[in-house]
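Please model the entire structure based on the sequences and the hints provided.
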Amino acid sequence: MNVRNVELTATERTERMSVINEDNVKKTERTYLEDMELEMKALRDPLTTNQTSLAYISHHLYALDRWLTKYLILHPKGPVLGYCSGHPVYPRACVQMLHTKERWLREQLQLKVNELPVKVLKRSAKPNKGKVHGADEDDENDCAGPGKTIYLYGKW
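Start counting the sequence shown at 763; every next residue gets the next number (this note's numbering).
Derived by calculation from the structure, the hints in this document are not laboratory data.
Check before you lean on any hint, since a few could be wrong.
As the list claims (entries may be wrong) - For lysine-lysine, the following BS3-like pairs were computed, each having C-alpha atoms within a straight-line distance of at most 30 Å:
1. K888 <-> K832
2. K910 <-> K874
3. K874 <-> K839
4. K917 <-> K874
5. K884 <-> K874
6. K881 <-> K917
Said to hold, decoys possible - Derived Cβ-Cβ restraints for the label pairs, each shown as a range:
7. R828 <-> T790: 37 to 43 Å
8. E877 <-> E799: 42 to 48 Å
9. A817 <-> E877: 20 to 26 Å
Glycine included, C-beta positions come from ideal geometry on N, C-alpha and C.
Rendered as structure tokens:
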């Protein structure tokens with residue numbers, strides 16, 4: 763292989779990379795435009811009136827206080843966007859995750875002095891047999907023993 767062949771292959775590589783980059787830019791622009799179109803469509807659609815459907819449980823824009831899990835809370839209780847069967851509908855941006863003091867320390871965050879818990883949960887006296895521990899149960903494991911109360915704090 764001589765020097766000329768090496769130079770040609772380097773030039774060919776550069777041309778191929780520029781074509782690949784142009785294709786990626788086009789795909790990225792197209793994906794971005796499609797995402798924007800879907801977001802605009804979701805904003806234009808009216809609120810679902812059937813609260814028993816799974817629409818509000820995992821909706822990325824709206825949340826019902828009724829369907830929040832024990833480790834979620836509405837803070838601040840922002841503007842009410844509408845009502846669904848008499849229940850106020852809030853923006854999903856107002857939903858905050860709660861953790862125990864130990865969990866916040868693990869994430870290298872410290873509680874303020876004299877901070878009061880936002881939510882207090884009671885653990886059941888029954889031990890969990892054969893359950894696989896998930897992310898939600900991780901906070902429960904921070905407390906010592908069954909029957910204890912769990913104090914939950916927010917990031918604000």
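Hints, one by one, checked against the model:
Distance hint between K888 and K832 is fulfilled; the C-alpha atoms sit about 18 Å from each other, no more than 30 Å. As the CA atoms of K910 and K874 are separated by approximately 23 Å, the hinted pair is consistent with the 30 Å bound. Distance check on the hinted pair: K874 and K839 sit about 22 Å apart at the alpha-carbon level, within 30 Å; holds. Of the supplied pair hints, the one linking K917 and K874 holds, its CA atoms being roughly 11 Å apart against a limit of 30 Å.
The hinted pair formed by K884 and K874 meets the criterion: a straight-line CA distance of about 23 Å does not exceed 30 Å. For the hint linking K881 to K917, the alpha-carbon distance of about 13 Å falls within 30 Å, and the restraint holds. Restraint check, R828 to T790: a C-beta distance of roughly 39 Å satisfies the suggested window 37 to 43 Å. In this structure the supplied range 42 to 48 Å holds for E877 paired with E799, their Cβ-Cβ distance being about 44 Å.
As the Cβ distance of A817 to E877 is approximately 35 Å, the hint placing it in 20 to 26 Å is violated.
Going through the hint list in order, the structure does not satisfy hint 9, though it satisfies all others.
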